[in-house]
Amino acid sequence: MKIQDVVARSTGSLVRAKSRTILTVSAIAVGAFSMTMAVAMGQGGGEYAQRIITANTDARSLWVLKKQDDQGTSSRPSEYTGNPTLKFNKVSVQPIDQYDLDKIAAVSGVEVIQPVFTINSAYVTRPGQKQYQADIAVTRSGVRQIYIAGSGDNLNANEAILPDGYRQALGFSTPQSAIGATVSITVINQGEPANPPKTFTAKIRAVTQQSTMSLALVPSSILVSQTMARQMNDYVVAGTFAQNRFIAANAQLDANASIDDVKQQIIQLGYVAQTPGDVYGALYQFVGVFQLVLFGFGIMAVVTAVFGIVNTQYISVLERVQEIGLMKALGMDRTAVGRLFKIEAGLIGLAGSLIGVIVAFGIGMILNPLIVMWLALDPGTTLMRFTLFGTFGVVIVLTITSVVAGLFPARSASELDPIDALRSDRL
99 MKIQDVVARS TGSLVRAKSR TILTVSAIAV GAFSMTMAVA MGQGGGEYAQ RIITANTDAR
159 SLWVLKKQDD QGTSSRPSEY TGNPTLKFNK VSVQPIDQYD LDKIAAVSGV EVIQPVFTIN
219 SAYVTRPGQK QYQADIAVTR SGVRQIYIAG SGDNLNANEA ILPDGYRQAL GFSTPQSAIG
279 ATVSITVINQ GEPANPPKTF TAKIRAVTQQ STMSLALVPS SILVSQTMAR QMNDYVVAGT
339 FAQNRFIAAN AQLDANASID DVKQQIIQLG YVAQTPGDVY GALYQFVGVF QLVLFGFGIM
399 AVVTAVFGIV NTQYISVLER VQEIGLMKAL GMDRTAVGRL FKIEAGLIGL AGSLIGVIVA
459 FGIGMILNPL IVMWLALDPG TTLMRFTLFG TFGVVIVLTI TSVVAGLFPA RSASELDPID
519 ALRSDRL
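Okay, so the sequence shown: first residue is 99 according to my numbering, each after it adds one.
Hints were generated in silico from the structure; no laboratory data involved. Among these hints, one or two may not hold up.
[Unchecked claim] In silico PhoX-like cross-links for lysine-lysine, where the CA-CA straight-line distance does not exceed 25 Å:
hint: 1; residue 1: K116; residue 2: K165
hint: 2; residue 1: K296; residue 2: K228
hint: 3; residue 1: K301; residue 2: K228
[To be verified] Using C-beta positions, here's what the derived DEER-type ranges look like:
hint: 4; residue 1: I286; residue 2: T325; range: 31 to 41 Å
hint: 5; residue 1: G263; residue 2: A157; range: 39 to 49 Å
hint: 6; residue 1: A279; residue 2: V387; range: 45 to 55 Å
hint: 7; residue 1: I246; residue 2: K116; range: 51 to 61 Å
Glycine is no exception: its CB is placed at the ideal position from the N, C-alpha and C atoms.
Please take these sequences and the hints and turn them into a complete structure.
Okay, here's the thing in structure tokens:
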């Protein structure tokens, strides 16, 4: 029997048993839907996580800290080593000083080493306006900003980038009207006895809009040059233990350096060095866990569908005993009979997986823009990305799985004795 005849006969058998066929195809479709959504969300979520990391960090940079005491826990303090610590996000860290900066700067591949400042004892104002608490951060190359007026490229020492929230609070009617104006940033010394506050004047170079992809304080901070930030930080901590000490350093690498090689060199010097991927690795972990959960639901549905296929095919064999006996009596060999039932199982898997993939694609196309709108994400964000490789992979895997599930009933049908089958009273 030709293969097209076998396919036609298999299709006819499935159509005749349409109730069982529909139920089994539906079970496969549920599994295909869950697996397709898992693949799409994993792909889209991974890309979104990468966009967040790219938006918040410079890909060719390393976050460097002093190696910390790893014996401390949330319930037990770390041993005091004689070196006071600095607080960063409620975590005590061993400070980095100029000796450490010079040591890291000497590593081959490090182009620039910059200390990390935390300037929060400051307020900003301009003539005729109230004073507002200000967070100050250093502008960094490679960190994505959404400019709604002006541009922050090549920021000069006395210039600043103002978030739109500060622009509104300081009374500028439009983002464009703030460009070129000056603001006064006053920092407060934390020493004992404290020195009088010191005011820095900064010219507004650009106004930024907060991005939903930002994880750090940067979008809500006034961005200033490294020079101005250093001057502000030095005045804030003058007379305190934090003078000339920093929570961390940012190492910018040259274009030809291998980030992994430089990282290992810095680690060998006794420091902790982290790439942007290391710092925000929890994002990828969350995406991976979420994807595994969806895959788990899909696999459970597929396992249920596999038993459904086996059951459907066995019932089909029992109902068609005389038909099988007649086909064998007319010359169909065991291989052809087995192939008939394998193709039936494969067609169930193919139909179910195609339906599941198509439904997942349709729902994903509808949900993706709605989720972006509900979560107020940046335009163009895609949280569910369907790829040809992913969707066809699901179809191929489920079709093969269905064929494997049909092997046992196919073998049972192929081993029927034609004489006994013709004598059977099963119709």
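How the hints compare with the structure:
For the hint pairing K116 with K165, the CA-to-CA distance comes to about 67 Å; that exceeds 25 Å, so the pair is violated. Distance hint between K296 and K228 is fulfilled; the C-alpha atoms sit about 17 Å from each other, no more than 25 Å. Between K301 and K228 the alpha-carbon distance is near 18 Å, which keeps this suggested pair within the 25 Å criterion. I286 and T325 have their C-beta atoms about 20 Å apart, which leaves the hinted 31 to 41 Å range violated.
Against the hinted window of 39 to 49 Å, the Cβ-Cβ separation of G263 and A157 comes to about 28 Å, which falls outside the hint. Judged by the Cβ atoms, the range 45 to 55 Å given for A279 and V387 holds: they are separated by roughly 47 Å. A hinted range of 51 to 61 Å holds for the C-beta pair I246 and K116, which are about 60 Å apart.
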